[in-house]
Amino acid sequence: MAKVFERTKGLTDKPFHYCPGCTHGIIHRLVAEVLEELDVLGKAIGVAPVGCSVFAYDYFNCDMHEAAHGRAPAVATGIKRVHPDSVVFTYQGDGDLASIGTAEIIHAAHRGEKITTIFVNNAIYGMTGGQMAPTTLVGQKATTAPYGRDEKHAGRPLKVAEMLATIHGAKFVERVSVHNPANIRKAKKAIKKAFEVQLAGEGFGIVEVLSTCPTNWGLTPVEALKWLEENMIPYYPLGNFRTPEEVK
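For the sequence shown, position 209 matches number 209 in the UniProt record's numbering, and the numbering has no gaps at all.
For the record, the hints were derived by calculation from the structure and aren't laboratory data.
These numbers come from a predicted model, not from an experiment.
All C-beta atoms, glycine included, are put in the ideal place defined by N, C-alpha and C.
Accuracy of the hints is not assured; some may be wrong.
When the alpha-carbon atoms are kept at most 27 angstroms apart in a straight line, the in silico DSS-like pairs for lysine-lysine are as follows [unchecked claim]:
#1 K3 <-> K192
#2 K14 <-> K43
#3 K192 <-> K14
#4 K189 <-> K9
#5 K152 <-> K141
#6 K159 <-> K186
#7 K159 <-> K193
#8 K141 <-> K226
#9 K186 <-> K3
Pair by pair, the computed Cβ-Cβ distance ranges are [claimed, not checked]:
#10 K186 <-> T12: 19 to 29 angstroms
#11 P237 <-> D150: 22 to 32 angstroms
#12 G112 <-> K3: 39 to 49 angstroms
#13 P237 <-> T102: 12 to 22 angstroms
#14 G148 <-> K3: 41 to 51 angstroms
#15 V138 <-> E245: 36 to 46 angstroms
#16 G139 <-> R81: 38 to 48 angstroms
#17 R185 <-> T12: 36 to 46 angstroms
#18 P20 <-> H168: 37 to 47 angstroms
#19 T166 <-> K189: 16 to 26 angstroms
#20 K3 <-> E151: 30 to 40 angstroms
#21 G201 <-> E151: 36 to 46 angstroms
#22 K9 <-> R185: 18 to 28 angstroms
Given only the sequences and the hints, what does the whole structure look like? Please build it.
Below, the structure is given as structure tokens:
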């Protein structure tokens, strides 16, 4: 019987620890497939900080480095400058990148560091118990916002892709989602382009991926996918914000 689908060599055989319905696993596979297809697994170095992706070193079949909370872009900068021929990427959640790590991601983009960032936005702190994040929607409930995020108290959710797209050193910026097959295919295409920007030596690239957190949202996996589509996408519109001509 002909084999039509197989596990990417970019992933190890270790089972994921993520909650049922969490789309981290899908995003992991997309990154791993892209690294394999670009034939860069042997020179890829990933950096994962604190958060749900803290065990990424168990899953990606390439060299991985752990970073302190929010500091992945700084660590990746050091790695890339010491090993300029390596393909360096960070894999970060919104509670990490958009909160404690905001300065690191902004200045890495500002300097035009030749790294790739996969930014997973599920609008909440996942690993630490569902606290309100900078990306939590207005009215969305969290353990630290039991009545829902109050704009007058906490401001509006931070739009990371739009913010970074204003920075000259950020050469590729796109927001995607993985809530259905069509968007999963688009997400993979964007992730591949982001790595191609790095390979071309263009500068900093980031893909923001809208993701689910059924456990902390208090929803079933199916309900979470629908909630993402109906609530997150209207506020976080999908699309490309910056692309160098060379990779269009």
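Hint check results:
1. K3 <-> K192: With Cα atoms ~24 angstroms apart, K3 and K192 stay inside 27 angstroms; holds.
2. K14 <-> K43: With a Cα-Cα distance of about 21 angstroms, the restraint between K14 and K43 holds, given a limit of 27 angstroms.
3. K192 <-> K14: Since the Cα atoms of K192 and K14 sit roughly 24 angstroms apart, the hinted pair holds (cutoff 27 angstroms).
4. K189 <-> K9: holds (18 angstroms)
5. K152 <-> K141: holds (15 angstroms)
6. K159 <-> K186: holds (20 angstroms)
7. K159 <-> K193: Holds: K159 and K193 sit about 21 angstroms apart, inside 27 angstroms.
8. K141 <-> K226: holds (17 angstroms)
9. K186 <-> K3: holds (24 angstroms)
10. K186 <-> T12: 19 to 29 angstroms: holds (26 angstroms)
11. P237 <-> D150: 22 to 32 angstroms: holds (23 angstroms)
12. G112 <-> K3: 39 to 49 angstroms: Given about 42 angstroms between the Cβ atoms, the range holds.
13. P237 <-> T102: 12 to 22 angstroms: holds (21 angstroms)
14. G148 <-> K3: 41 to 51 angstroms: holds (49 angstroms)
15. V138 <-> E245: 36 to 46 angstroms: holds (37 angstroms)
16. G139 <-> R81: 38 to 48 angstroms: This hint holds: roughly 43 angstroms between Cβ atoms.
17. R185 <-> T12: 36 to 46 angstroms: violated (24 angstroms)
18. P20 <-> H168: 37 to 47 angstroms: holds (42 angstroms)
19. T166 <-> K189: 16 to 26 angstroms: holds (24 angstroms)
20. K3 <-> E151: 30 to 40 angstroms: Check failed, 52 angstroms falls outside 30 to 40 angstroms.
21. G201 <-> E151: 36 to 46 angstroms: Check passed, 41 angstroms falls within 36 to 46 angstroms.
22. K9 <-> R185: 18 to 28 angstroms: holds (20 angstroms)
Violated hints for the displayed structure, listed by number in ascending order: 17 and 20.
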